[in-house]
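**Q** The whole structure should be built from the sequences, with the hints applied where relevant.
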Amino acid sequence: MEQKKFDLNSFIGMLLLGAILLWYFNTQTPEVEPTETNTEVAKDSVKPATENISTPTFKNDSVKRSSLQNQLGAFAQSAINGKEGETTIENDLLKLRISNKGGQIIEALIKGYKTYDSLPLYMIKDKNASFNINFGTTDNRILNTKDLFFEPSLTKNGENQVLSMKLKVSDTQFLEYRYEMKPDNYMVGFAVRSQGLGTIINSSNPINLDWSLKGYRHEKSLRTENTMYSYYYYKADNEVDYLNQDTNDVVNAVNWVAYKQHFFSSILLSDTPFKNAAMASENLVKDEAIDSVFTKKFTLKTPLELANGELNYNMNWYYGVTDYKTLETYKGTDLSEIADLGWGIFGTINRWIFVPIFGLLEGLLGNYGLIIILMTIVVRILMSPLVYKSYLSSAKMKVIRPELMEINKKYPGKENAMKRQQETMAVQRKAGVSMMSGCIPALLQMPVFFALFKFFPSNLALRGQSFLWADDLSSYDTVFNLPFDIPFYGSHVSLFPILASVAIFFYMKMNQSQQANMQAPTQEGMPDMSKLMKYMIYFSPIMMLFFFNNYASSLSLYYFISNLLTITIMLVIKNYVIDEKKIIAQIEENKKRPEKKKSKFRQRLDDAMKQAQDQQSQKRK
1 MEQKKFDLNS FIGMLLLGAI LLWYFNTQTP EVEPTETNTE VAKDSVKPAT ENISTPTFKN
61 DSVKRSSLQN QLGAFAQSAI NGKEGETTIE NDLLKLRISN KGGQIIEALI KGYKTYDSLP
121 LYMIKDKNAS FNINFGTTDN RILNTKDLFF EPSLTKNGEN QVLSMKLKVS DTQFLEYRYE
181 MKPDNYMVGF AVRSQGLGTI INSSNPINLD WSLKGYRHEK SLRTENTMYS YYYYKADNEV
241 DYLNQDTNDV VNAVNWVAYK QHFFSSILLS DTPFKNAAMA SENLVKDEAI DSVFTKKFTL
301 KTPLELANGE LNYNMNWYYG VTDYKTLETY KGTDLSEIAD LGWGIFGTIN RWIFVPIFGL
361 LEGLLGNYGL IIILMTIVVR ILMSPLVYKS YLSSAKMKVI RPELMEINKK YPGKENAMKR
421 QQETMAVQRK AGVSMMSGCI PALLQMPVFF ALFKFFPSNL ALRGQSFLWA DDLSSYDTVF
481 NLPFDIPFYG SHVSLFPILA SVAIFFYMKM NQSQQANMQA PTQEGMPDMS KLMKYMIYFS
541 PIMMLFFFNN YASSLSLYYF ISNLLTITIM LVIKNYVIDE KKIIAQIEEN KKRPEKKKSK
601 FRQRLDDAMK QAQDQQSQKR K
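Throughout the sequence shown, residue numbering follows the UniProt record's numbering, covering 1 to 621 in sequence.
Hints may contain errors.
Derived DSSO-like pairs: lysine-lysine, alpha-carbon spacing no greater than 30 Å straight-line [to be verified]:
| # | residue 1 | residue 2 |
| --- | --- | --- |
| 1 | LYS182 | LYS286 |
| 2 | LYS398 | LYS582 |
| 3 | LYS410 | LYS331 |
| 4 | LYS127 | LYS114 |
| 5 | LYS111 | LYS146 |
| 6 | LYS297 | LYS331 |
| 7 | LYS509 | LYS574 |
| 8 | LYS127 | LYS166 |
| 9 | LYS182 | LYS114 |
| 10 | LYS297 | LYS182 |
| 11 | LYS409 | LYS582 |
| 12 | LYS275 | LYS127 |
| 13 | LYS114 | LYS166 |
| 14 | LYS410 | LYS454 |
| 15 | LYS127 | LYS182 |
| 16 | LYS182 | LYS325 |
| 17 | LYS454 | LYS325 |
| 18 | LYS114 | LYS214 |
| 19 | LYS214 | LYS297 |
| 20 | LYS146 | LYS83 |
| 21 | LYS286 | LYS454 |
| 22 | LYS166 | LYS111 |
| 23 | LYS111 | LYS182 |
| 24 | LYS156 | LYS410 |
| 25 | LYS95 | LYS182 |
| 26 | LYS214 | LYS331 |
| 27 | LYS95 | LYS146 |
| 28 | LYS146 | LYS275 |
| 29 | LYS398 | LYS409 |
| 30 | LYS166 | LYS156 |
| 31 | LYS114 | LYS286 |
| 32 | LYS389 | LYS125 |
| 33 | LYS398 | LYS410 |
Simulated DEER-style distance windows between Cβ atoms [unchecked claim]:
| # | residue 1 | residue 2 | range |
| --- | --- | --- | --- |
| 34 | ARG223 | ILE345 | 23 to 31 Å |
| 35 | TYR538 | ARG401 | 24 to 32 Å |
| 36 | LEU482 | GLU305 | 55 to 63 Å |
| 37 | PRO385 | PRO356 | 41 to 49 Å |
| 38 | PRO356 | LYS389 | 20 to 28 Å |
| 39 | ASN314 | VAL502 | 51 to 59 Å |
| 40 | SER204 | TYR489 | 56 to 64 Å |
It is worth saying that the hints were derived from the structure and are not from the lab.
Ideal placement from N, C-alpha and C gives every residue a C-beta, glycine not left out.
**A** Laid out in structure tokens, this is it:
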């Protein structure tokens, strides 16, 4: 075996390599061995690439402190000690997750409800919302709270959960977000306050609150949810107003803003009104035929004011249902206005009549389809006296119609128009017949029509409730899906609108003969309204079919049952209530009676007509 010889070159090389390694390890600052606390900081310094990171990571702790001190000044300590994490507070209605980074809500789950495709219903999730306060410091830095780490502290205040999120300069100097959640309540207390920051926050720079949210689609009918029932509401100067989509406005003294998404809303309320609140609503749905994740983007930008050098705002968050009865419980807020029961008399009818009636029937019956039918019956019975009055006027006009036709023959031509009109009114007056007696009952029914037009699609209780072939009474029913999209109609066929359209066709067919009796014979030079009514008989059902195909099936069900009942009531009145012989006898009796003294209005009207007639006679001469 050959013996190895000593290699001087290799030996010298090893010595030089050892010397280089020894010099390297003795001249470099050693890395801090991570303790349990330092391990957490090291882990938290790794941020997802998608986040807007304002606090860089450093292996060397001294370098990190120096760099953060340069960037954040007094708030560098919070960033150094801050760590990723989140805190959950929840009750039986609402679950919120609040992140240490920014101290803001990163997830808001409304319990007990699902989306149209049976998923959990989130108002906030996956960074669709942002809450930030932007402010300047006395050492000329501009900071955003959404980029900084807050320290959480969860405690109990009786049955309430209290979460304090502090952005610290020190234990006695901090900016705090305070959340307080009560049991069984969608409203969450929220306060923004500072302590000991009077010498740190630069009062000469604006302090801005920014809140934005992209609303997730929750409902089956994207068109109805986004176009007709999702709005940006706000209260200012004790009045509630709203923005249309793709609009913006700047408003003073704003008490609250609400991002309403049909049946669910995100609301920020403040005891101290916001000044110069810049609000905007942007439509995110570009094509209704394509499934959309988001419907609208809502934004609020408003300055905050210091009081004695500190921030002190008492606010509330509301993440919950847009239900009139629920929102009405928050007295003094006017939040119930966003339930959208209609304006003026329509809202009054809904609030004082239909909401109580529906609530009473809801307590008696469990099936919401039957509740709608029973409610329709109640409404029709209450409105039946108006139908009777209208039909009675029609019968009276039918009796005097031959006499009115004789007047037309007796006074032909445009030159006798005034005389013809005077004689016609005299006959109607002697017979005790008034054209208005037929019109007024029909006009009185219109507010009910428009009130229910708002009531059913806004009724949260109907959401997700099935009846017959409709799986959701708050949205359209589907019996057949089309392979194409029809403009203004959609790509599906709903059966309830078809039934309602057929019922309204037969109702208008019957009503046409009634209206023909009520109308006086067409006078020369006047338009023949009967031709227009013939077109309306076909136009109205077609219009209803197209419009209601994407609307709430509960409303179509109501109109279907309502028209059926109206047809039935009209047939009963015609065949069993109204006696034409008695009407004729009554009219003859009225003619024999001495004419009552004319009212001042009637006298002025007759004098004006006589004066106009004399002027026409003078012109012909």
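**Q** Take the hints in turn and mark each one as holding or not.
**A** Here's how the hints hold up against the structure:
1. LYS182 to LYS286: The given pair, whose Cα atoms are some 39 Å apart, is violated under the 30 Å limit.
2. LYS398 to LYS582: Since the Cα atoms of LYS398 and LYS582 sit roughly 13 Å apart, the hinted pair holds (cutoff 30 Å).
3. LYS410 to LYS331: violated, 68 Å
4. LYS127 to LYS114: holds, 20 Å
5. LYS111 to LYS146: This hinted pair holds, its Cα atoms lying about 27 Å apart.
6. LYS297 to LYS331: The hint holds at about 28 Å.
7. LYS509 to LYS574: holds, 15 Å
8. LYS127 to LYS166: Cα-Cα ~21 Å, so holds.
9. LYS182 to LYS114: holds, 23 Å
10. LYS297 to LYS182: holds, 29 Å
11. LYS409 to LYS582: Holds, at about 28 Å.
12. LYS275 to LYS127: With Cα atoms ~27 Å apart, LYS275 and LYS127 stay inside 30 Å; holds.
13. LYS114 to LYS166: violated, 34 Å
14. LYS410 to LYS454: The hint is violated at about 51 Å.
15. LYS127 to LYS182: holds, 25 Å
16. LYS182 to LYS325: holds, 19 Å
17. LYS454 to LYS325: Distance of about 15 Å is within 30 Å: holds.
18. LYS114 to LYS214: Holds - the C-alpha atoms of LYS214 and LYS114 are around 18 Å apart, at most 30 Å.
19. LYS214 to LYS297: At roughly 4 Å apart (the allowed maximum being 30 Å), LYS297 and LYS214 satisfy the hint.
20. LYS146 to LYS83: holds, 14 Å
21. LYS286 to LYS454: The hint holds at about 26 Å.
22. LYS166 to LYS111: Roughly 28 Å between the alpha carbons, so the hint for LYS166 and LYS111 holds.
23. LYS111 to LYS182: holds, 15 Å
24. LYS156 to LYS410: Cα-Cα ~92 Å, so violated.
25. LYS95 to LYS182: holds, 12 Å
26. LYS214 to LYS331: OK: LYS214 and LYS331 at ~28 Å, within 30 Å.
27. LYS95 to LYS146: holds, 21 Å
28. LYS146 to LYS275: With Cα atoms ~22 Å apart, LYS146 and LYS275 stay inside 30 Å; holds.
29. LYS398 to LYS409: Distance ~18 Å between LYS398 and LYS409 Cα, so the pair holds.
30. LYS166 to LYS156: Given pair LYS166, LYS156 holds - Cα atoms ~17 Å apart, limit 30 Å.
31. LYS114 to LYS286: holds, 25 Å
32. LYS389 to LYS125: Answer violated: LYS389 to LYS125 is near 57 Å, above 30 Å.
33. LYS398 to LYS410: holds, 20 Å
34. ARG223 to ILE345: 23 to 31 Å: This hint holds: roughly 27 Å between Cβ atoms.
35. TYR538 to ARG401: 24 to 32 Å: holds, 26 Å
36. LEU482 to GLU305: 55 to 63 Å: holds, 57 Å
37. PRO385 to PRO356: 41 to 49 Å: violated, 21 Å
38. PRO356 to LYS389: 20 to 28 Å: holds, 26 Å
39. ASN314 to VAL502: 51 to 59 Å: For ASN314 and VAL502 the Cβ distance comes to about 57 Å; the hint holds.
40. SER204 to TYR489: 56 to 64 Å: holds, 59 Å
Hints 1, 3, 13, 14, 24, 32, 37, counting from the list given before, are not met by this structure.
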